[in-house]
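Engineer: Based on these hints, arrange chains B, C and D on the given structure of chain A.
4 protein chains.
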Amino acid sequence: RARGRKPWKLMIQIVKIAIITIQLVTFGLSNEMMVTFKDENLMAFRHLFLKGYKDHGLGTYVLYTKADIHFVADFLGIQNLTVGNLAYERVNGQFTPLSLCQEFYRNSSIDPGNETFDIDPHIDKDCISVYPGESTENNNLASPFNLSLDFKRLLSVNVYLTLKTINLQTVRHNELPDCYDFHTMSVTQTFTLIDYLLLWFDSVVILACFTSLLLCTRSVIKGVQLQFEFTSFFHSHYNKDVTWADRMEFVNGWYILIIVSDTLSITGSGLKIGIQTKFMTDYDVCSILLGTATMLVWVGVIRYLGFFKKYNILILTLRAAFPNVIRFCCCAVMIYLGYCFCGWIVLGPYHDKFRTLDRVTECLFSLINGDDMYATFLHMRDKSYMVWLFSRIYLYSFISLFIYMVLSLFIALITDTYETIKHHQQDKLPVSQLQA
Amino acid sequence: RARGRKPWKLMIQIVKIAIITIQLVTFGLSNEMMVTFKDENLMAFRHLFLKGYKDHGLGTYVLYTKADIHFVADFLGIQNLTVGNLAYERVNGQFTPLSLCQEFYRNSSIDPGNETFDIDPHIDKDCISVYPGESTENNNLASPFNLSLDFKRLLSVNVYLTLKTINLQTVRHNELPDCYDFHTMSVTQTFTLIDYLLLWFDSVVILACFTSLLLCTRSVIKGVQLQFEFTSFFHSHYNKDVTWADRMEFVNGWYILIIVSDTLSITGSGLKIGIQTKFMTDYDVCSILLGTATMLVWVGVIRYLGFFKKYNILILTLRAAFPNVIRFCCCAVMIYLGYCFCGWIVLGPYHDKFRTLDRVTECLFSLINGDDMYATFLHMRDKSYMVWLFSRIYLYSFISLFIYMVLSLFIALITDTYETIKHHQQDKLPVSQLQA
Amino acid sequence: RARGRKPWKLMIQIVKIAIITIQLVTFGLSNEMMVTFKDENLMAFRHLFLKGYKDHGLGTYVLYTKADIHFVADFLGIQNLTVGNLAYERVNGQFTPLSLCQEFYRNSSIDPGNETFDIDPHIDKDCISVYPGESTENNNLASPFNLSLDFKRLLSVNVYLTLKTINLQTVRHNELPDCYDFHTMSVTQTFTLIDYLLLWFDSVVILACFTSLLLCTRSVIKGVQLQFEFTSFFHSHYNKDVTWADRMEFVNGWYILIIVSDTLSITGSGLKIGIQTKFMTDYDVCSILLGTATMLVWVGVIRYLGFFKKYNILILTLRAAFPNVIRFCCCAVMIYLGYCFCGWIVLGPYHDKFRTLDRVTECLFSLINGDDMYATFLHMRDKSYMVWLFSRIYLYSFISLFIYMVLSLFIALITDTYETIKHHQQDKLPVSQLQA
Amino acid sequence: RARGRKPWKLMIQIVKIAIITIQLVTFGLSNEMMVTFKDENLMAFRHLFLKGYKDHGLGTYVLYTKADIHFVADFLGIQNLTVGNLAYERVNGQFTPLSLCQEFYRNSSIDPGNETFDIDPHIDKDCISVYPGESTENNNLASPFNLSLDFKRLLSVNVYLTLKTINLQTVRHNELPDCYDFHTMSVTQTFTLIDYLLLWFDSVVILACFTSLLLCTRSVIKGVQLQFEFTSFFHSHYNKDVTWADRMEFVNGWYILIIVSDTLSITGSGLKIGIQTKFMTDYDVCSILLGTATMLVWVGVIRYLGFFKKYNILILTLRAAFPNVIRFCCCAVMIYLGYCFCGWIVLGPYHDKFRTLDRVTECLFSLINGDDMYATFLHMRDKSYMVWLFSRIYLYSFISLFIYMVLSLFIALITDTYETIKHHQQDKLPVSQLQA
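Residue numbers (my numbering), protein chains in the order written: chain A, 3 to 438; chain B, 3 to 438; chain C, 3 to 438; chain D, 3 to 438.
Isolated chain A (complex conformation) (with noise of 0.2 angstroms):
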C-alpha cells in the first residue's frame, strides 16, 4: 500500500546515510588525532611529576612516604625538561602559578592508639602557589614547602598546574595546529580554526535531515489519520473495539526509528557547530548523539534489505523471537541478580572482579560469554575454607547454569521460531498464488 511513494524517500535516506557517516568519519578523525597527543604528553607527565609512577595493566597507584612530596621542583624546569613546546599559562601578564592544596579536617586530635578521635567534620582546603618565574633564582626548594602537611587531618593533597601546548604535528596535514590547556589531571581543548567547510557541511547534514524528518512524519501522521478512521468506522460499523496490537499494525516503526535518528543527528549536529565556533565545549554529549543517530541510520537500512524475499526470513524470524528472548532474559535476570547481589556480599572482600556491584555485574556477564574465568578462580586461592568453597560452588554452578542451560535455551528458542517461521511462509506462498 505504502509502496508507490518509496523511490523519492529512499534517494533521500541513501544520500542521508552518506552525508551522515561522511560527517562522522571526518569528525572522528580529528578527534582521533587530538587525542593521541593528548594522550601521549598526559603519560609523559605523569612519569615527569608523579614519582615512581608505573603503568601496571591492572591499575595505577604510587606509593609516597612522607618524604617523596617535594616533587614539584621538576615543574620549575619543565621548559629545560621536555621536548615538545611548552609554556606556562600567562594571565594579565603574570604567569599562572602551580597550585599544590591540601584538603583536611578543621580542627581534630586523633589517636589511633587509644581509640579515640575528637574531629570537627567541616573541611578546609589549604593552597599555596608557586610560581615558575620567581622559584628559578632561589635555589633551596625546600622553602616554599613551609606547607606544614598536617598528616593527622590530611584527606587529600592535589596539584593543580595549567599548562599550554601547540599540536604542530597537525601542520602537516594542512590543519591549523590547535593549542591545549593541560591541567595534569583533567584536559580541556581550545578549538582555534574555524572551519568553514566542515560549518557548511554540517549545515547541509541538518537541511537533509531535517527533510527526511518531515517526510516521515508526515506519514506517521497520516497513519494515525487512518487509524482513528479505521477505528471510529469498525466501531459504527460492528460495535466491536479494535484491539492495540491492530492499532499499531497503523504505525510503521520504521519511521519512528527515522524520527528518532533524524532529531538526533539536528541536535547533534547542532552541538558539533558550537563547539566548532567555541560556543560550547560539551564533546561528550554531540558524540553520544552524533554516534547514536549514525547508528540508527545503518541499522534502517535492513528495512530495505527486508524488501527481498531470502533476506526478509531472517528479519522476521529475529523480531518474532524478539519477544520471546526478552520474556526468558526477565526469568534469567532474576536468577542473575541474585548471583550479583549474593557474589558482591560474599566475596566482594576477597576480590577485584566482586568489589562494587557494577562490577560484579560485568564479570558475570563476562563470564557467561567466554571470559578469563582460570584467573577468576584463581584470585580467589589463598582465602579462608569457606569463603573458598563458597565461591567454588557459586563459580562452578553459576557458570554451568547459565551457559548449559540459558544459552542453550536461546538456541532453541531461535531455532523453533525460525522453522515456524519458514513453514508459514511456506504455507502463506501457494495461497497468494491462487489469489493471483
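A portion of the hints provided could be inaccurate.
Given that identical chains are not distinguished, each listed pair holds provided it fits within a single copy or across any two copies.
[Said to hold, decoys possible] Computed cross-link-like contacts, SDA-like style, restricted to lysine to any residue with a CA-CA straight-line distance of at most 25 angstroms:
hint : residue 1 : residue 2
1    : K424      : A322
2    : K224      : F252
3    : K312      : I337
4    : K224      : N241
Hints were generated in silico from the structure; no laboratory data involved.
Structural biologist: Showing chains B, C and D alone in chain A's frame:
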C-alpha cells in the same frame, strides 16, 4: 487449588524481597568502603616492609638473601614514614612490640653434601620483641638482631606487628570512623559504631522473614497432611500404594525454597546484629548466609513469573530438561575426572595450572568454557619431547571432545525438551477448551 | 559424466599437493631460523641503544627528557659490547657512518603562552654523521653533538645505523651462513647462498603446476564449449533461453579453484627463484602468493573427499547453507557497522580499543567470539558518568544482540539446511534404485 | 546375553577404580610437594646467578654485554647467601667444581664487514672448573677467567653446577626428607626413602589389575571363539560370509578398554616400584602410564551407567554421532591445514604466535574455541600495509568460517543424531513389549 490464598502471601514476599535487598545493599556498601581502605593500607605496608616486593599478575614472591633480614628498621619509624593515621597498639600503657619469630627443628645436624641428616622433628618457636619506643634513641639496629638465625634448621620466619588506624574518609559520609587493627598478614576489624537504625532494620527483616516462614510452613504441613490422607484413602479404596513421585506432588517445592531462604535470612540477620554490637566478628558466615538468602529470594521471583503462560513454557523447559542434563553431567563428569587425574599426575610438574588437583579441575572447566587456551599450550613448550607430545594429545582431545561433543549434546537436549513441552502444551490447550 | 578422466588428473593433483607442501615447509623453516636471529638481535639493539627501553605487553614507549639524547656513544663501542659477530658496513674502504637526523620546520616562532605561532610548513632535514673509526681516539663525545637540536621546531629525530653480522648458528645445519644488514628500525636481508637444489625443486613445482593448469584449463574450455552448444540447441529446439544458473552447471568450480591456485603457485615460485638468486627481495609478496596457493591446494582436497557419499552430505550442507549465511551476514553487518561508528566516535577518546575505526571493528568482532570482555568493561571505569552509562548500554546491548540472537540464528540456519539436505538425499535414493 | 556374569567382575572393577585412584593421589601428592620445593629453589637460583633475570609473562630472556660474564663469583659464596640448606656435591672427598663451558668453532676467520668468512664447522668444547674451596681465600676472581672467550667463534656458554639440599619441610608430614641435586638447568631427584607401605600398595594394584586383565581376556577370547563358530556355522548353512561389522559385534569394546587400561596400570606400577627402589628414574614414562590407566578406568565407569536406560540414550547418541563427527573433522582438517601453512609462511616473520608450525596450529585451534582474539589482531598492527591487509582477511575469514559454519554444523550433527536415536528407541520399545 492453592491459588486462592496468594495475594496475601504475595504481598509479604514482595515486601520481603525489597527489605532483604535493601539490607544487603547497605551492608555491602559499608563493607566496600572498609575493604578498600584495608586493601590500600595493606598494599602500602607490603611495599614498605617487604623489601623488593613486586605486585606481579601471576603471583607475588620476594627473594631474600641472608643479608636482607634487616627490614625491621623501617617499622620503628613508621609514624614518620606514612601519611595515614597510624599508631602502635598500647596494652596496659605499654606499646605492643613487633615480634620476629622463627620456627626451627629443635636439634639437627644436616650435611647435604654427605646426604646425611639427624633431625629431632619437634618444632621450636623462638621470638624476639622489638619495642618501638626504645629503639629510636639507640641507632645501632643490628644489636637487637642477635637472634642468630640458624639457617640450617630454619623452617619459617614470621613477623607480627600490630598497628591501629582510623579511617577518616568515612566521616564525610556521616559515619563515625572505624578503627582497624592491622596484623601484617591477617586483618580483622572492630566496629565501634552501633547504628541503631541498622539494628532496627535488621529486626524488621527478621520479623518479615519469620512471618513468611510461618505461613509457608503452615502450607507445607497442610500439604503433607493432605498427602497422608490421600495415601490412606487411596490405599483403603484401591488397595494400591501411591508412588513417591505422586506424593511429592503435594509438597510445593517453592515453599521449601522460601522456608530455606527465610531460615538463612533470620540466622544471617541475627549474626549481623551480633557483629554490629561487637558481640562477634565472624563476617564470612554472616555474609554467606545473607547472600544465599538474597539469592534464593530472587530466584523465588521466577515462581510469580510462571503464572503468565508464555513465561511458563521457558521455565517448564528448564525444569523438564534438568534431570536429563544432570544425568548427562554424570556421564561427562566420569570422563572429566579421568582427564583431571591424568593431567594432574603427568603435567603437574611442568605446568603451573596443573599443579594441584583443584587447580586442574578449574583449569579444565575454564578451558571448556572458552578460556585462554594458547597460554596453556604455550607454557608446555620447552619440556621433554614425550611430555610435550602427551600434553598436545591431551589438550586437543579434551577440548575437541568436550566443546564439540558434550556442549553440542547439551543444546540438543534443551532443543528437544523445548519442542516436546511446546507440543504438549498445544495438545493440552484444545482439551481444556472442551472442558470449559 | 566427467568422472572417467579422473585417475590421471588425480595423480597429478596428489603429487602437486606433496611437492607444494614440501616447498613451503623448506621455505618456512629457513625463514624461521632467520627471523629468530633477527628478532633476538633487534631486541638486544633496542636495549642497548634506547635507554630505558622496556618491553611491555601493551605497547612500547620510551620517555626522554632533553638531557637523554646522548645515547649515541654506546654505538661507537658496539664491537666491544655485544657478544655476536657485528661489524660496521664499509663502503669503498670507508666505514658507513651513524647518521643522526632531525626533521624540523624551516622557520618558526612559536609562543604557546600567547597562543600565537608563525610557521613555515616546509620541512627541513638535517643530518650529522658520526664515523666509528675517528671517535674512538677523541673521548670528548659531546663535541660531535653540537647538532643544536631546536626543540621548538622539532618534529622527529631518527638514528640510522648500519651493521653487519653473520649467523654462525646456521653452519651447524649444513647451510652457508647468511649475512644481515641491520638498519636499526627496518631490517632487510641479503641472501648470499644460491641453493641449486632449491632452485631445481622450485622448477619442478612450476612444471607440475603448469601441467595441472593446462589440464584444468582444457576441461574448463570444453565445459564452456559444451555450454554454448547446449544453449544454441536449446534455443533452436525449444525457443527458450537457458538461465545463468543452468549455464554455470557446465563450469566445474573446482577447476577454477585449481587454476587460481596453480597461477598463484607459479608466480610465487618464480618470485622465490628471484629472491634466491638475489634478483629481488620482495619477501612479502612471494610468501603471500605461495601461502595462498598452498591453502587453496589443501582446500581442493575436499573435492576428492566428496566422492564418498557420507562425506558429501556435510560438504553439501555447508555449500547449501552458504548463501543463506552470506545473506544473513549482510543484515548483521549493517547493525555491526552502526555499532562500530557509534563506538568509535563516543568511546574513542576514552578507551584504547576504540581509538581507530579498524581497531573498533576488531575489538567488537573479538567480543562476539568470546574475547576478554571484563577488561573492556574495566578500562571504561573512571570516566564522566554519561560516557560510563553509554558504554554500559552499548556493550550490554551489543553483546546480547550478537551472541544471543545472531549466533543462535546461524546455528538455526545450519541445522535447518542439514535436515533439508538429509531428507533430500533420502528421498532421492529410492528413485535412483528404481532407475537401476 | 553376557549380563549374567556381571556382579563378580563389577566388584573387581569397583575395587580397582578405588585402589588405582588412591595410588595415583598418593603419588601425585608426594610429587606436588617435591615440585613446589624444586620450583622455588630454581627461581631463587635464577635470580641469584643470572644477573638482571626477570620473570616476564611472555618469555624470559637476559641480555648480557661482554662485561657481564663475571657472575660466577656469587656461586662461590652461596652457602653464605641463601637461607636454605645447600651444600656442594662432594665426590671422593673433593668438591664437584662449577664448570664454565664454551662451545665454539675450531678455527675461523670471520669478517662481517667484508661479508667473508672461513669456518671449520667442527665444534670444540672447552671447560674451566672453579672449585668452591680454593677460591674463597684468593679474592682476585678475575684470575680463573683467563678463559679468553673468543666471541667471534663463540656459539654458546653454559654453566654447570651441582648443589645438594634437603627438603626439611617434609619432615613435618611424617616423611623422611628427600635429597635433591640441582643441575642449574635440568633438575633430577634421588629418592632415598623406600616406603614399604607404598610398595605393598603398588603390589596390590598390580594384583588387582592382573586379575581383572585375566577375566577380561578370557571373555574376549570366548567372544572370538564364538565368532569363529558362528562364522563357520553361517558359512556352512547359508553359504554366506559374515561381514566385518557383524563379526565385531562379538568383541565387547569395553573389555578391550579394560585390558588396555590394566596393561598400562601394571606397567606403570612396575615402573613406580622401580623408581621408589632407586632402580630407575624415568618419572615421565611412569606418570604417563599411570595417568592414562586411571583415565581409562574412569571412562570405563560410563559402561555401568549405560545399564540404566535414560543414561544410555545419551551415550548412544555420542557413539552414533562419533563417526559423523570424525568424518566431518577430516574435511575441516583439510581447510584447517591450508590455513595453518598459509598463516605460517606469511605471518610467521611478523607475529610471535605464527613463528613455528605447531604454534600456528595451537593458535588457530585456540582462536576457534574463543581465545583472546584482539591480542592476535593487535600485534599485527605496525607492519607493511600488504601484510596488514592479508592478516585481516586471513583472520576474519578463518574465524567466521570455523566458528559460524563448522561449529554450527557440529551442533546440527549431534541434534540430528539425538533425535534419530530417540525415535529409534521409542519405535523399538513397543515391539519389545509385544515380544514379552
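Engineer: Does each hint fit the structure? Answer for all of them.
Structural biologist: Results of checking the hints against the structure:
no.: 1; hint: K424 x A322; in the structure: both (12 angstroms within a copy, 16 angstroms between copies)
no.: 2; hint: K224 x F252; in the structure: within (9 angstroms within a copy, 53 angstroms between copies)
no.: 3; hint: K312 x I337; in the structure: between (38 angstroms within a copy, 18 angstroms between copies)
no.: 4; hint: K224 x N241; in the structure: within (24 angstroms within a copy, 50 angstroms between copies)
Hint compliance for this structure: every hint is met.
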